[in-house]
Each structure stands twice: as C-alpha cells, then as structure tokens.
Amino acid sequence: MNFEHTEDRRMLADTLNRFVAEQYGIEFRNHKAYGEQGYAPERWQQFAELGAIGALFPEEVGGFGGAGFDIAVVFECLGRGLVTEPFLGALMVGRALAFAGTDAQKARVAELIDGSTIAALAHDEPENHYELERVATRAERQGDGWVISGRKAVVLHGTHAQLLLVSARTSGAVDSAEGLSLFLVPGDVPGLQRRACGRMDGGSVAELTLEQVRVGADALLGTEGQGLPVLEHAVGYGVLALCAESLGAMDVAKQSTLEYLQTRKQFGKVIGSFQALQHRMADLLLEVEQARSAVINAAAAIDADRLSRERSLSAVKYTIGRIGTMVAEESIQLHGGIGMTWELPLSHYAKRLVMIDHQLGDEDHHLARYMALASED
Amino acid sequence: MDLNFTPEEEAFRAEVQAFLKDKLPPRIANKVKAGQRLSKADQDEWHAILHARGWYANHWPQEWGGPGWSAVQKFIFDNECALAGGPRIVPFGVNMLGPVLIKYGNEAQKRYWLPRILSGEDWWCQGYSEPGAGSDLASVKTTAVRQGDHYIVNGQKTWTTQGQHADMIFCLVRTDRDAKPQEGISFLLVDMKSPGVELRPIRTLDGDREVNEVFFTDVKVPAENLVGEENKGWTCAKYLLTYERTGIAGVGFSVAALEKLKVAANKVHRNGRPLTQDPLFAARMAKVEIDLENMKTTNLRVIAAVAGGGVPGAESSMLKIRGTEIRQEILSLIRRAMGPYALPFIEAAQYEGYSDAPVGPKEAATAAANYFNYRKLSIFGGSNEIQKNIISKMILGL
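These protein sequences, in sequence, are chains A and B.
One point on numbering: in the numbering used here, the residue at position 35 of the first sequence is 35, and numbering is uninterrupted.
One point on numbering: in the numbering used here, the residue at position 81 of the second sequence is 1081, and numbering is uninterrupted.
A portion of the hints provided could be inaccurate.
Derived lysine-lysine pairs resembling DSS-like cross-links, with alpha carbons at most 25 Å apart [claimed, not checked]:
hint, chain 1, residue 1, chain 2, residue 2
1, A, K265, B, K1180
2, A, K265, B, K1393
3, B, K1180, A, K269
4, A, K269, B, K1388
5, B, K1110, B, K1193
6, B, K1193, B, K1033
7, B, K1074, B, K1141
8, B, K1267, A, K269
9, B, K1033, A, K265
10, B, K1141, A, K265
11, B, K1267, B, K1193
12, B, K1033, B, K1388
13, B, K1180, B, K1141
14, B, K1033, A, K269
15, B, K1180, B, K1193
16, A, K254, B, K1388
17, A, K265, B, K1238
18, A, K269, A, K254
19, A, K269, B, K1193
No wet-lab data here; the hints were simulated from the structure.
Bound-form chain A, shown alone (with noise of 0.2 Å):
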C-alpha cells in the first residue's frame, strides 16, 4: 500500500503550483473571470505549454498521462488557483475522442493538448437536470451528412469553444438509453447561435441553439445510435476530474479559515481558542479528509469495468457535492462579515465549491445513481 503519487506526478503538481502562485493570483484571476471571455487565454497557452493539458492524455493520443491520478493531481492544482481555462471540455472531449473517435478524429486531441483548439462538451439541455439520456436535440441523417436542431444548456466556454461535443436523438424516445449519437460541430457552423452568460462563480457559459446545422458524416463520433456509453466515459472523467478540483478548492477555504482562527482576536483571544469553534474546524478537516478518500477511490476506479468505475465516480461527487458545500458554509460562518465579502478571496472559493456541486450532477442526482448502480450488480 503506499498513498504517495509517483515523482513525476509531484514533479507536476510542483510546476503547476508554482505557475499558479506566481501567474494566476486572484486578482488577476477575478479580472479574467468576471470578465468579459471569462478566462485568460494567454494563461491557457502557457498551461499547455506547461503539460498540463498533456497530462490528461495517454501517450496512444500524443498525452503522457491519463491515468485517473494525472487528472487528479493536475485538477487539484486547478482548484487551488480558481482556474476557469477550458480545462473540463478538453478533457471531455479529448477522453471521448481517444475512446471512441476513428484515426483521424483521435488526431485532433493533439490540438487539444496544444492549448490552439478549445473545445466544450454540449450535452446539458433546458429539460434535462444532468440526466445522460435525456436528449432532445435530434440529428437526421441527410445525403451523406447529418443536420442538427436543438438547445443546449449551459455549456462551459460555448461561446468561444471552436469544438462543441453534441449529444443528438438519431432515434428512440426523449429519455431512451439508445439512439443517442454523438457529434463533432465547429463553433463557427451556419445555424449555430451561442448567447454568452457570466458565471456566478466567475467563468462563462453559453445557451446554443442549433437550427438546421449541417454537418459531415466524418462529424458522428463512434457508433450511431450508440453514443450512451461514450457519453458516459467522458463525463466520467469530467466528474472525477471537478471533484479534485474541489478537493484543492477545499484546501484552501480550510487553510483560510484555520488562518482566521488563529488570527481574529475577539473577548481578549484569538477566536480559535474557543472549543465551540475548534470542534467546528475539527470537522470540517475530518470531512476534507474523507473528500480526498473519495477522489484516491474514484481516480483508482476510473480504469475498472463499469459498474465499479461509475459506482465510485457517483460515490465521489455525491461525497464531494456535500462536503464541498460544508466547506463553504462553514468557511464563511467561521470567518464571519469578512467571508461575505468580494475582497476576501475565501468567498470566490466558498462560490466554486457550492457551484461545483451544479455540475455534471448534484449530490442528489450521484445518490440516487449510486443506489441504482447497486441495483444493476
């Protein structure tokens, strides 16, 4: 048994942390992300540069990386730096084409990992509350090609991202397990609308409208009709993938607090030395503690047959989804008005990790999946 990752992976967290201290403090990290695009895109070159997005990757797809533990320990840095770069959608994306693409589309995960392609995951729509099947967007077969029409729903970097990852209906009902297909659409498509919205957490999204788009039929990842599973892989790493990036939010809201604690004198003494609010900071370690349990379990999982691979993702957010919310209630409860306010950088981390717990899938949704999963062994 041994808990510590490999040197090379330290080696990165190391590298990544740094770039995160010296490059992407909260000031300029709140500019960019309440800002106008929602991120840095000279930072997102010098990610790539670095390897991050590299290390998302396997080597069968130019990365050198990919292992469930590469993702884990790049998020966690991720996390504690607030970062809003296209991260999640590269990862997504990029997993969906090296699972499922045929040569040529896995060679386009090169212009992922080289930072030049941004690419988002359309998959949420107004109607379907994280639900994977529930599509309503439909794509006919026409001539050799495929056109589109549909809505989807706050997609991460819709408006700027120049792939889009589009779960379509090509047949079966609205909530079918079958006859959903995936598609490969250029941000820049005739019929395409995207209408640009800011985060509340900082970052952006897009509403998309699809009208008629017309797409190639080098345009359909995988199988036709078969794009559940495919799905499913994608978001899977998308979910382990957000639950480290919490984990290394939490670490800062907690190591914030602890500062407050030791610091803030009230009634003559630092408020720390009050048992009421030591037993409070004692459990919300114990709680990040078994935060990072659940994210070593699903990062090991992440390569295990499906139903202890997805059993341990839904495990994880469902964990992390309460945890993370926790950790922002009490951060700011224990820091008091000071952690109400904008200036203090503990409430841009107590915003994220309550906001983390809106994607891919709350706390509810992850429980009740889990217990489904239990059923289907």
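Fit chain B to the known structure of chain A by using the hints.
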C-alpha cells in the same frame, strides 16, 4: 391549550390582508418575490404607504405614533406582509433607534427625531460593528471626546447596511478609555453629511453593494446628540439588540420562500417527473417544511409568553438561530432546484427592468445570488454562535 388565533386576531388578519391587497404596489411585490434588489425609492414608497395607514412604527407606543398592537398582532402583520411580497421594513430608524429614543432619549430628542423617522425625512443607519469589534461589540474603539458643546469623533465603523442612503447614523462610541469595556461607551447620533465622515462601499460575494465602511475623522457632533447618559451607552445598545426580537425568526419570509420553492420545484423535472415528486428532493422539502411548522409554534409560544407579561430575553436567540437556518435551507433548496441553471449570473437581472429572455427558469436569475447573500442571516444581528452563548448562559445557566 388552544393553537388558534382569537376571532379578533383573525379579523385583524383579514384587515391586514385587505390593506395589502389594496395598497402594496404590485411592482414592488413582484421585485420582492423575484428576489431582486430594492432601491431606496422602493423602500421609501412602502414606508410612506405604511405610515399613511399608521402601521409603519408598529413597535412604538401609541403616544408616539404607533398602532398599539400586541405581540400577536405584530406577528400576524409581519407574516401577512411577507406572504404578500411586502419588503422587509428597513429597521434602523423605525425599529432600532425609535425604541431607544422612546426609552432613553430626552423630551427634545423624542420630539425632534421621532416624527422625522415616521415621515421618512431622516434615513438612519447603524454604527455598531467595527473591524475589531464584531461579536465582541463592547470592544468598540471609535472615540468621542467632549470639547465644549461638541464631541469630536474619530474611528471607523463597518457592515453599515444601506449606509449609502443614510442621512444619519447612530453610533456606539468610546467616551471613557480608562473604564471597563462596557462602561465607557456612549450612544451618539451623527449627521452623515458632517465634514470628516467618509463612506466606502463593501462589495459582497454576490456582487451587491449594500454594506459599507464608515470613517470618522475629527467629526464635530453637537453634544445634544448624546442619547442617555455619557458612558451609559451600552444600556441603549443592549436594549436595541434585544428589543422586540419576537419577529426575528422571519417565519413569514420562510413561508413565502417555501411557496416559491414549491413553484420552482414543480417546473423542474428529474427523471421525467417534477422535483416535488423526486424522492430525495421531496424529502429535503418535507424536512424543512416540518422544521418551519415547528418553528411557527415555537415562535407563537415565545409571543404568548410575552403577552402574558414576560419579556422575550434569551428565548429570542432560539428564534434567531433556527429561524435563520430554516430560511437559509429554503434558499439553498431553490438554488439546488435550478440544477445547472444556478451557474449563469446576470448582474442586470438582479434589478427591476431586466427584459432580456431569462437563462433557464425565471427563478434561476436570482437563485444562487440570493443563496449566497443570505449567508449573512446567520452572521449579522449577533451571530448564531453568539446566540448559542446567550442560551448557554441565560437559559441553561452554564
């Protein structure tokens, strides 16, 4: 044991309902229900409407313009207002300073300031907390030094809610630096337009700018603005912090928010059925509804004790703790119900007049911002931890 209101109280409820139906402007009610930010003009308008009916200063005795209501009537009024989408009355002048002046002010102060509160001529804010004096309020460091017929005030206040609208601020200032912390404090009224007063907004995590820092540099304040005796301000401060706390649970606001939650949760579907029928989400809703129902009765029990001649003391701490937790949980559930649509944030949609198509269900526009903003409920007005200290000491005798 009888849990029902008396026929007279029911008649009063009907009277309040009719008034709200007739007089509460739908424009304002819609903003409140949507969770949008209110302007000073909105609040002034509502205050004037209440004042015209004689219901604005509902905590004041009749001789100073109050309606002479019982605690039960105030409870009924607060609840009906909240259910109808009436804005919370901005408390600083009418509900905080007013009662202090009535109890501790001299005749001239009452005659001068109270009518100006009623008419809305003076908008008040609160100068209590300081950067170093939050939960430990008695450690305030802002000083007031007597010079002839004036005090010279120096120092800093913080978390001054709606200070940007205020004409006047009531402050806890230190007038005796050598006395024990609670004994050298005085209660002073300061004109915000005085030279040397500077206000800086504090931006909160949801992007709002409702709280401020207020700086005092050699501010000259007429000595007649001292309320009560010099160095006895802590008595006023304590009175203000415990006065009429029977409404602090915010039961009406929670009931209104729960209704909003139910509407929102009915619109959003998970696995093909509304969230209200989703076992996990429905359980969350049921739990908070049960808590709220229990809180209503706890609140009424405290009120009944007051009506019997008691004074709400430490019991109001129970109402504050559980009442704010319930409100926060409901807001949390509204946020949860929005799913991915909790992420998008449009600043302009937090205000009246936003006319672009909403992103997601209309409740989504303010769901996350309201959730984060109302984390303040368990912090301000004596944090919930301080309330637990009060319960430990005053009720349990620990």
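Measure nothing beyond the straight line between the CA atoms of B/K1033 and A/K269; if it is 25 Å or shorter, mark the hint as holding.
violated (43 Å)
Taken at face value, is the distance from the CA of B/K1193 to the CA of B/K1267 at most 25 Å?
violated (49 Å)
Does the structure keep B/K1193 and B/K1033 at a Cα separation of 25 Å or less?
Distance ~34 Å between B/K1193 and B/K1033 Cα, so the pair is violated.
Hinted pair, alpha-carbon criterion (25 Å max): B/K1033, A/K265. Please report holds or violated.
violated (39 Å)
Between B/K1110 and B/K1193, does the CA-CA distance stay at or below 25 Å?
holds (21 Å)
Tell me if the straight-line CA distance from B/K1033 to B/K1388 falls inside 25 Å.
violated (31 Å)
Quickly compare the C-alpha distance for B/K1180 and B/K1193 to 25 Å and report which way the hint goes.
Violated, at about 32 Å.
Restraint status (C-alpha distance of B/K1180 to A/K269 at most 25 Å):
With a Cα-Cα distance of about 17 Å, the restraint between B/K1180 and A/K269 holds, given a limit of 25 Å.
Pairwise hint evaluation, B/K1388 against A/K269, where the allowed Cα distance is 25 Å at most:
holds (19 Å)
Given the hint that A/K265 pairs with B/K1238, test it: the Cα-Cα distance must not exceed 25 Å.
Holds, at roughly 22 Å.
Please verify whether B/K1180 and B/K1141 have alpha carbons no more than 25 Å apart.
Distance ~13 Å between B/K1180 and B/K1141 Cα, so the pair holds.
Would you check the hint for B/K1267 and A/K269, treating anything up to 25 Å between C-alpha atoms as holding?
Violated, at roughly 50 Å.
In summary, the numbered hints that this structure violates are 6, 7, 8, 9, 11, 12, 14, 15, 19.
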